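Using the sequences and the accompanying hints, generate a full structural model.
The opening position of the sequence shown corresponds to residue 109 in the working numbering, with each subsequent residue numbered one higher.
Hint data in this document are derived by calculation from the structure and do not stem from the laboratory.
Among the hints, a few may not be true.
[What the hints assert, rightly or not] 20 Å max Cα-Cα, derived PhoX-like pairs, lysine-lysine:
#, residue 1, residue 2
1, K253, K454
2, K268, K291
3, K307, K291
Just so you know, these numbers come straight off a predicted model, no measurement behind them.
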Amino acid sequence: MTSPVTGIVVLIRHGDREGFYQSPTTYAASQTNLTVLGYLEELNSGAQLRSRYIDPASPFIIQGASTTAVENVQVEVQADAGGEGGVIVESANAFMQGLYPVFNDTVTLANGTTVSWANRAQLIPIETIEPDQSFVMEPWTSCNKFDDYTEKLYNDADFKRQSAIAQPFYDSIPASILGNRPKSLVNAWNIFDYLNVQKIHNATLAPLITDEMLDTASTWAQYHEAQLFGDASPVSLGSIAGRGILNPLTEAISRVSNTSDSLKISVLAASYKPFFSLFSLFQMPALRGKLVDYASAMVFEIHEDDSMQLYFRNGSSGSLDPFSVLGVDTQKVNFFLEHYDPVKIKTLADWCNECGETQARGCAALNALNGTGVGGKYSDVTSTTGRQQVSPVVAGVVGALVSLAVAIVVAAGLAYFTGVTVVKKSKEAYPRNRHLLASPSTGTVNREGNSVEIQSDLDRKESHAA
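Laid out in structure tokens, this is it:
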């Protein structure tokens, strides 16, 4: 019999959205909004995992996990708050509403008054990870060497040959569908994504976008993204998306597998790129080079015997299917963590070195502390490796940073007494902003004698979206 489940770590892709665009050279994303369909996709996704891991009748129930009201000490949710705006954060919120739906709650006060709330919404903290503060969710953005990597790809002889093969297809798409969007393999992802969104949401264009057209656009988009994000090498810029998210992913797996830690469920919400990269880094041939659908989920199931099984579901419905990692169906947690420890990008200094960056995301401070000029290795302020010499000029910078640290301590004190928010930053961890996210609701309060009933219109919605 399989060892009891003690916790899960889940990587989810956001749900259906509109208006997305990302630069084919820098991969900075913008202009996107979650749709009602996307919300329901994530709600269904969360509900499916609830039936497997939180339902008391399930043989896979997480041992010790709360089954009705969420206990925040047992749950951690982190969401990419980057170029796709609030889409990923909102998707994480919808997923958690499916995982821990509304419930009926009652409390009796000291004076004997009973307060009841039918269909109480659960307020679950979502930690947003901003790309200008941390690299882990979008390590390819603001990365000079990744920009060079994409430029080199587009000038590569093989890519140019593939471009020539693909061009007749792109030329065949009428302007009445694509408008003035660039028709080339370089823009493959944006073309596919645009066609896919219009096929779902645009009643005028949908009949003009044939299944063959969409399938061909998807094939070329997969080829394009595989060149940029699907490299299996642990030192290539083509695997940077996976090596970045391995930072919070391995931290979560380590915590969930630790019996002295209260964490039972960790959720990471991201774009499609980390999936694309992890399929290669995990050596998953059946999925390598494949784009994942909206609301897809990758589940790392942790067991009492310190074993781990990976499951994946493409899209918001269907079954969770088991997949091997490194050719093995079931991994020991410690082996997995040890194997991927040198693969992941651990610190800001590592990211600065990886990207040859001297300014963005705090690299300027590290550059100042480690001397000026390019090409040298940065080390964290508390690191015992890397270049440690400090010039007289930089000594002044150090003094200024020490003064800044004192100011931060003072600010922390003010936060304690006044409620001012201070965002914590550390070497190993990454900055996160905490938000309580839940759908707004209206309600009424009825009082009769010593009984108070709160009636809310926030009912759980059932979805049958594909």
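Verification of the supplied hints:
{"no.": "1", "hint": "K253 to K454", "result": "18 Å, holds"}
{"no.": "2", "hint": "K268 to K291", "result": "14 Å, holds"}
{"no.": "3", "hint": "K307 to K291", "result": "18 Å, holds"}
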